Amino acid sequence: MSKTTMNPGPITLDVVGQVLNAEDRRRILHPLTGGVILFGRNFANRKQLTKLTADIKKLRPDVLISIDHEGGRVQRAKTDGFTHLPAMRKLGELWGAKHQSSHAAESAALAMATATACGYVLAAELRACGVDFSFTPVLDLDFGRSGVIGDRSFSRDPQIVFALAKSLNEGLRLGGMANCGKHFPGHGWAEADSHVAIPVDERSLQEILNDDAKPYEWLDLSLAAVMPAHVIYPKVDSNPAGFSKIWLHSILRQELGFEGVIFSDDLSMEGASVAGSAVKGAELALEAGCDAVLICNRPDLADQLLSKLKVSKTKLDESKRRLNRLMPTSPAVAWDLLQNEPEYRHAKGLLKQFNLI
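Numbering (our numbering), first residue to last: 41 to 397.
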């Protein structure tokens, strides 16, 4: 399919199992579908995953096949040869406490090199099995308050988060994959888990911009996509960030100058329930500035979106233009060939050297 016929819609949805059924196929073929996100239940082994992604692409070459593959406890595929990557906190620990060691610069350089290695291994292995994109890196700061973030964060220090995320993004790029910073403007302070509750962060806008949002500002053009948090920041807006024009348009787009894709977080999460329904949530997210919305683990809600969501042609065209930038632009290296590729072997060797895998 040529770029002129790439027509991804704004809805990213999931599939039920390890092979496509008739309902999966119907949903994927719907013109509002633009992405398919995979979960652990969709993975049995590399052969099965490669066939599943190939079957999806046969139906819709223009859909973005994505996955949550951060490392640590959030990694959907970690058997049958997949490298179980470390939680990102491990990279922050490798960096070490700034200004407390005479070898601080050396530690920082090693941490950044391992972050690049993580990104490369992550991207190369997924792409070898037909996965286009991973929702990573986590840019949240680790304040020691949020259990759902915790060791998924690189560090409490926004400078360390920025440096390691930029290095990881470079590894993703070398592996032919785009990146997605999450959860804007920051989920690290709010204690509640937005999967099961509606978190609230009572801090001021200036506090958040001066701390949590700094990695987004500093990463600038190296960020391909951003996912906002299902968190309410009442001193800024009564809506969660993912439904907020203030956060997404005024701050992320205008003040920070972000020009990439904005994905909503999963609309079936409790943090999105303030919208009242999945359809209303999708409408609010798109109106606020999202280019694509995720609906996961609820086929019934996916069907509601596909049948009831109304999106203007202007919005569809704008979203399509951005979404197409996330598609890989270089061919993937086949799994067997990848095992002998010098860059891949070096990256895995570096991670083993520091006991990260």
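Just to be clear, a hint being listed does not mean it is correct.
[Claimed, not checked] The list that follows gives simulated cross-link-like pairs (lysine to any residue, SDA-like), each with its CA atoms no further than 25 Å apart:
#, residue 1, residue 2
1, Lys97, Asp376
2, Lys392, Arg362
3, Lys320, Pro368
4, Lys320, Asp340
5, Lys97, Lys320
6, Lys97, Ala62
7, Lys118, His143
8, Lys118, Val276
9, Lys254, Asp233
10, Lys355, Lys275
11, Lys98, His70
12, Lys275, Ala237
13, Lys350, Arg362
14, Lys353, Pro371
15, Lys348, Ile96
16, Lys87, Gly170
17, Lys97, Arg113
18, Lys388, Arg65
19, Lys355, Ile68
[Claimed, not checked] DEER-style ranges, computed between Cβ atoms:
#, residue 1, residue 2, range
20, Ser352, Gly57, 50 to 56 Å
21, Ala374, Gln246, 48 to 54 Å
22, Met46, Asp340, 44 to 50 Å
23, Glu381, Leu261, 38 to 44 Å
24, Leu261, Pro368, 34 to 40 Å
25, Lys285, Gly80, 42 to 48 Å
26, Lys348, Lys275, 41 to 47 Å
27, Gln393, His235, 22 to 28 Å
28, Thr354, Lys392, 29 to 35 Å
Read the hints as simulated data drawn from the structure, not as lab findings.
Just so you know, these numbers come straight off a predicted model, no measurement behind them.
Cβ atoms here follow ideal geometry from the backbone N, Cα and C, with glycine treated the same way.
Quick check: which numbered hints come out false for this structure? 2, 3, 5, 7, 8, 10, 14, 17, 18, 20, 22, 23, 24, 25, 26, 27 and 28
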